[in-house]
Every structure is written in structure tokens, then in C-alpha cells.
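Chemist: Dock chain B against the given chain A, drawing on the hints supplied.
In order, the protein sequences belong to chains A and B. Per the numbering used here, the first sequence starts with residue 1106, numbered consecutively. Per the numbering used here, the second sequence starts with residue 1106, numbered consecutively.
Treat each hint with caution, since some may be false.
Identical chains blur together in the list; that is why a pair holds if it fits in one copy or across any two.
To be verified - Think about it this way: if two alpha-carbon atoms lie no more than 27 Å apart in a straight line, the pair counts; the simulated DSS-like pairs of lysine-lysine are:
1) Lys1161 / Lys1346
2) Lys1517 / Lys1344
3) Lys1517 / Lys1192
4) Lys1347 / Lys1470
5) Lys1451 / Lys1391
6) Lys1192 / Lys1400
7) Lys1239 / Lys1391
8) Lys1400 / Lys1517
Hints listed in this document are in silico derivations from the structure and should not be mistaken for laboratory results. Please read all numbers here as calculations on a predicted model, not as lab measurements.
2 protein chains.
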Amino acid sequence: MFKINGNAAVGQSGGPTSAINATLCGVIRGMDELRENRDIKLYGMVNGIEGFLAGKVIDIDAQVCNEADFELLKHTPASALGSCRFKLPSAEAKPEVYDKIFERFAEYDIRYFFYIGGNDSMDTVKKIAEHAEKINYPINVIGVPKTIDNDLEGTDHSPGFGSAAKYIASTMTEICADNAVYDTESVVITEIMGRDAGWLTMSAALPRFYGLGAPDLIYLPERVFDVGRFVSSVRERLKTKKCLVIAVSEGIRDADGEYICESAGSKEKDIFGHTWLSGTAAVLGKIIKRELGCKVRTIELNTPQRCAAHAASAADLDESVQTGRRAVCLAAEGMTGVMASIIRTKKTPYESEIGYMDIGMIANKIKTVPDAYINSTGDNVTDDGLAYIAPLVIGEPELVRLGGLPVHFIFKKG
Amino acid sequence: MFKINGNAAVGQSGGPTSAINATLCGVIRGMDELRENRDIKLYGMVNGIEGFLAGKVIDIDAQVCNEADFELLKHTPASALGSCRFKLPSAEAKPEVYDKIFERFAEYDIRYFFYIGGNDSMDTVKKIAEHAEKINYPINVIGVPKTIDNDLEGTDHSPGFGSAAKYIASTMTEICADNAVYDTESVVITEIMGRDAGWLTMSAALPRFYGLGAPDLIYLPERVFDVGRFVSSVRERLKTKKCLVIAVSEGIRDADGEYICESAGSKEKDIFGHTWLSGTAAVLGKIIKRELGCKVRTIELNTPQRCAAHAASAADLDESVQTGRRAVCLAAEGMTGVMASIIRTKKTPYESEIGYMDIGMIANKIKTVPDAYINSTGDNVTDDGLAYIAPLVIGEPELVRLGGLPVHFIFKKG
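The shape of chain A in the complex, shown without the other chains (with noise of 0.2 Å):
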């Protein structure tokens, strides 16, 4: 059996999910079953790397006591350590940096390390592991995926995709509900999260799959998007249906690759050069107003898509812990520079396990949608893409309230 002999540390960064803090849970129990006791510590960095560097560090033990404490935290969304956007410069460009790294991770005796992230958060894993090795440092870092955007290379699936995704399909199904209301024309043009993939916004036509009412029209960053033919399909479509939904990515992009939000514009970019995205829908409400006279309402699903933890998926959250759980065990066997990853091993019933990836295969690519899923038309998914995203979805949380509201674990910091 391996053991952790050495204390850890544990990080969130990225953008925050449902799911995200499921994880860090799987990485208590992980300790909590592989150490021999805790005066081996669970260090958590506040704010991630860049609070790590700044001395932000709190005691994981002294604050997640019992089990109660644990299904809290299992249950509360966003980074509960907080999180950071934090480029980690190269080695070469900025030794001083690496220094500060590795003088706090022996100042706290840190042997593991855990970083729960997306794409850029792999990134830091690679660099951190890459550079220990150079250095002769004895630690394993280990990347833990996390992302609602479900772009992460190397894992079937991320944890959080799966809330994500029931969050928008329970959503929009109510939204086509409401839609239908009036006899009137009626269009309504959703926005959904994710920039270069389009994961989440394929999860809209989910209740399509159990013939739940679903979007009419569903536009994925993964095609070109052409104004003229999505004005003539809204045309088209309302012909013989009244009351039409469509569900659009933030990030598609026309022919010339501009994408067609209207802050595209003003080209801000955050740190990472990613594009800020918003008012797709509205740039699309617009023109199908002007073109075709019609009501329109458009709606940013917005912030709830990864925060939204009153309809998180219980299985989302039982598989985050799961992947927390494995890191930690990846560590004890000697493993670093890997991410913990998904595996579907069967496709019907659903089963999975948990292995791992070299961070190598993993660390700044993006996974998009595969063809398969798209349907010719570029305008929905296919069955197949459904079936992919169904199983992620099942099961609703047990949420601790107060009152009638979620109540969420909050860590002292200070």
C-alpha cells in the first residue's frame, strides 16, 4: 500500500464551477485514507498560486473537521480556497519566481502538491513539475481537471462539465416551456459559456434526448457561423412553429474568425489573451428583429451556468471527489507531472474509473466538439452527442439549507 509521508498543498484556480470544491473534498478523503495520521498536514493555498507566493496558506484539517463540514463543502460552489488568473512565467524568463515557489513549499515541508484547474492551471502544473525535476526537488504535483467549458485534453470529461450541463438543460427546457406561452411569433435567443468549445452549449439540446421540450436551433463556436443562414433557418422555422428557441455559443465566430458578440469590438482581453465575450445573443436578437419584425428575447444564461449549485449534478460531484481522491492516491505511488483523468469505460450503462495523463498531452490545447456530434446542418447536435453528455447529468444533490436556501461552507482566511 502507498503512503502520503509528507505534507501537502492544494490549490483551486481557474474559473470557479459547482463542482470545483467536490473535488478538493476528494482530496481530503484522499489524504485522510494515505497518511498515517494528521500531524502529516493538508495545506490549502488561498487564492492558488499567486496567494501561495504571497504566504497565503490556511490549515485544511483544522477547518474541514467532520463529515458534516465535508458534505458542506461538497455542496457549496465556487473556489472555496479562492482562486486566482495567474500566468505562471517561464522558468527561464523569471527564476525568481520558481524560487519564491519552492522556498514556501519548504518552508511548509510540502512534498505534494495538488492544483485543481483548467487548460492554464495545467499549464502551472507542468512548469511546477518540470522545474522540481530540474531543481532536484522531492515533490509530486498533480493536476486535477476542472472546468465547466469541458475543453480539457486527456479526460472523457471534466468534473463540473456535468452540473454545468444539467444546469442549462434543466433551464432551458424551462425556458422553451415559457416560450410557448402566447400565440404569438416569439423568438428567444439564449447565450451559453464557452469560448473555443461547445460542450455546454450542446447540453441545451439535452432534453431533446428524453423528448423534454429543446432548442430549435443550436449554434456551436466549432462551425462557422453564417448571419444570412441563421436568419433564413429562423425564417424558415417559423413557418410552422410560432414559438422558436435558439441557444447560441459565446464564442461563434463568423467566416473571417470575428466573433460575433458585440464586445468583440473593444477587444479586451484577460491575461491569458482570451477574448472577454458577451452579447452574442443580443448582436443576434437585434438583427433578427430588424430582419424579420418578430418578438425577440435574449438571455444570457451568465454566471449561474458555473455557479449554480442548487442544481448540480449528483453524479458530477460524486465523480469530482473521485478525481480528487485518485490525485492524491497518483501522488502516494510516486506519480508527477500527471493529471488525474476520466475514463468512460463503458458507453451503456454508463461506467467510468479514474486514471491519469502526462501533463504534457493535456496543458494548453483545447478539445473541441468532434464532428460526429454536430448534425450536417451545423444547427444541432446529434444523437450520439446527447448520449455522450446524458449519463453526466444524472441525479440531484442533497443540499443543506437553512430556511429554504443553499447554505455554503465558507473558510476562515484571515
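Modeler: Only chain B this time, still in chain A's reference frame:
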């Protein structure tokens, strides 16, 4: 014991809610309790009084056949019978419309009419009840309240409000968690429905009642909105707290009575003369970004406020059923021109019963948030206000689901 001795019709009107079908369920239940047998029919108006005028009528008894149908309908959002936004003209201006309505009543031998709706629908109830009396047509016309806005007079609160309030409160506490993850200044401005009354925006503060994460500043349409004071308040708060969440009503106006929202310029109005509002948060977001330069995100909670049945309040759904049931009792007792209304008989612990109110006291009026519920600086709500909302959001509904997604009842209308 009073009995229902003739056929009845029920219609739904105005904007949909998560609880309007629960009220319809109550009418069905009440009919089954008070009619001798199902030879006495319950008809459904498809698309409200407008559809009824066009002869769109269905046999509800043939479609809601058993307890399973009843439970499914109870948890279905949006008007399952279809709705309308139809302004009934006065009998003097358009006698032919009334002739047509009463011809239809005669055609189906309808002796009881239940109309589930908000302010505008109660105007319809009033006019039809008055006309029936004038022409001596034997029909009992009963209004049944429904509005997420909670702005109906004559009832402690309206069915539908509790579910919307619960969705808003739950989502706000999740948004607060989401916004707190980064160690950088960040302002989130959420826009909440309610053109003339701030009840829904008030409910954004409910998590505070239980010590949960809640917005820092809250602006209702009952107070003049001063942009300069708003910017100062945000600037001041940012000195002691990095991540702020603000809730604003879509209907806030400046000292000149002008709406803050960006669409105010277009002066688009619906058939009731109500301005179509949208973009209040977007306008304020641009101002904060310009004046303070910090990260700003704006979120319109949008349609899910009225259709997120997956997050409905069990207390609201149960009261909605009871209100519908009571409407049938009132009709059986020989009442007409009244609205079933909820009376809060005890504050703590909350107790209520369903009474009734003369429709003349209700139609075309707006119940706004009283002064006692708004704090002295006009940027938050009082604990008294939250105590009013708290009992209305208790309990979670047990949804019928397929593959984790909510299933909805659909009437055959063809």
C-alpha cells in the same frame, strides 16, 4: 354544503410563473370536491380569454386524469393552458366582444369562470363579472391571483412570488460565492424583474436573514435612483470589501421619473402601455467601469425568475393549489366579482388562510413595497421585509425527472 351545479371554465392570463399551474391544479381539485360527478365539465380556455373568443377550448377532465397527471402539472412552469396579453375593452366601446364571450359561455353552458392572472387579468374579471350582472347572465366569475411581481392588492402575497423569490435568493447567494473567488476588485450588478414594485429585488437580500452571502447594495423602484450617489456608495464600499454584489430592479428611475435602463430611450411599450425594460444593469455597469475602473460583470436574471420550476418553493406551490381550490369554493358559495386572496393570520410561526376580496379593490392597482421594508439610505431592505418573505420560500418540490431533467405536463390543444 355548497355545490358546483354547472360547467366551469378556467383560463390563465398574463406572464407565466412557476406556480400558475399549481393554481390550475387547485381549481381542478376544487371542482372534483364540489361537483357531483364529471358530467359537470371543467373546460380550459387555451390562451386565455383571447383564445376563448376564437373558440379554443379543451376538456381538462379528459387530460388531467389521475394523481400522476396532477403532480406533473403542479410542478410544470409557465401557463400550461397557454396565456394571452389581451386588454379587454369596455363594454361600451366594444359591445360585440362581450356578445362573443357570452355566446361562448352559453355554447358550453358555462356557469363558473375562474381566471388566473395578475393586475390586468383582474381587470378582465371585473369587466366580465359586471357585464354578466348587467345582462343578467348566471355566471360566477372569480379571479385567482398569480404574479411573480407580488404587486397585486388585496392579498398578503401572490402565488408565484414565493417560487420566484426562492430562485432569486438562491441564485444571489451563489453569485456572491462566485464573485468572491478572486483577490481583485470586482463588482457584479444583477438586474431583477419588477417594473413598478421591488418585491422580487427585495428577495435578493433574503440570504442575509440566515447569515448567508447576500448583495451589498439593493435598489428598489420605490426609491428615486441617484446615479451619483450610487457611484459614491460603490466607491465607499470597495474601500473595505473587494468583491461587491449589487441587486437592482429593472424599474429603477431617476428624479425625473426616467428609467435608468438602456432601452428606455426606445420607449417600446406593450399593449397595456407598459414600457419594455432591459439593460438597467448594463447601463450601471458601464458607469461603474468608467468611474471606478474595476472589473464589472452584469447579470440579468431574466426569464428563469418566472420559470425556474426546478427551484420552486414547495410552500408557494401548496398555497397556489389552496388558492385555486378556494376559488371554486367561493364560486360554489355564490360569490362573483371577487378574487381569492391569501391572508397571513399569524406572523411567527407563519400561518395563512385563503379568503377573498372584492375585485374592484384590486384591478388596475399596484401594491408597492412599504417604507418599513426599505432602509433609511434607500440602498437595502430591513429585517422586517425579509421576515415577510422568509416563510414563502420554504421547502423543495419533488419533481418528476427523466435522466435528471425536469419533465413538464403538456396539454393537447389541437
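Chemist: Hint by hint, say whether it matches the structure.
Modeler: Here's how the hints hold up against the structure:
For the homomeric pair lysine 1161 and lysine 1346, the shortest alpha-carbon distance between copies (18 Å) is at most 27 Å, but the shortest distance inside one copy (57 Å) is not. For the homomeric pair lysine 1517 and lysine 1344, the shortest alpha-carbon distance between copies (21 Å) is at most 27 Å, but the shortest distance inside one copy (58 Å) is not. When the C-alpha separation of lysine 1517 and lysine 1192 is checked against a cutoff of 27 Å, the pair qualifies only within one copy, where the shortest distance is 26 Å, while the shortest distance between copies is 56 Å. Proximity of lysine 1347 and lysine 1470 under a CA criterion of 27 Å is satisfied in neither setting, with 42 Å inside one chain copy and 33 Å between copies.
Taking CA atoms no more than 27 Å apart as the test, lysine 1451 paired with lysine 1391 passes in neither setting, with 45 Å inside one copy and 49 Å between copies. In this assembly of identical chains, the alpha carbons of lysine 1192 and lysine 1400 lie at most 27 Å apart only when taken from different copies (18 Å versus 44 Å within one copy). Taking identical chains as interchangeable, the C-alpha atoms of lysine 1239 and lysine 1391 are never at most 27 Å apart, the minima being 56 Å within one chain and 48 Å between chains. Taking identical chains as interchangeable, the C-alpha atoms of lysine 1400 and lysine 1517 lie at most 27 Å apart only when they sit on different chains, with a minimum of 25 Å there against 49 Å within one chain.
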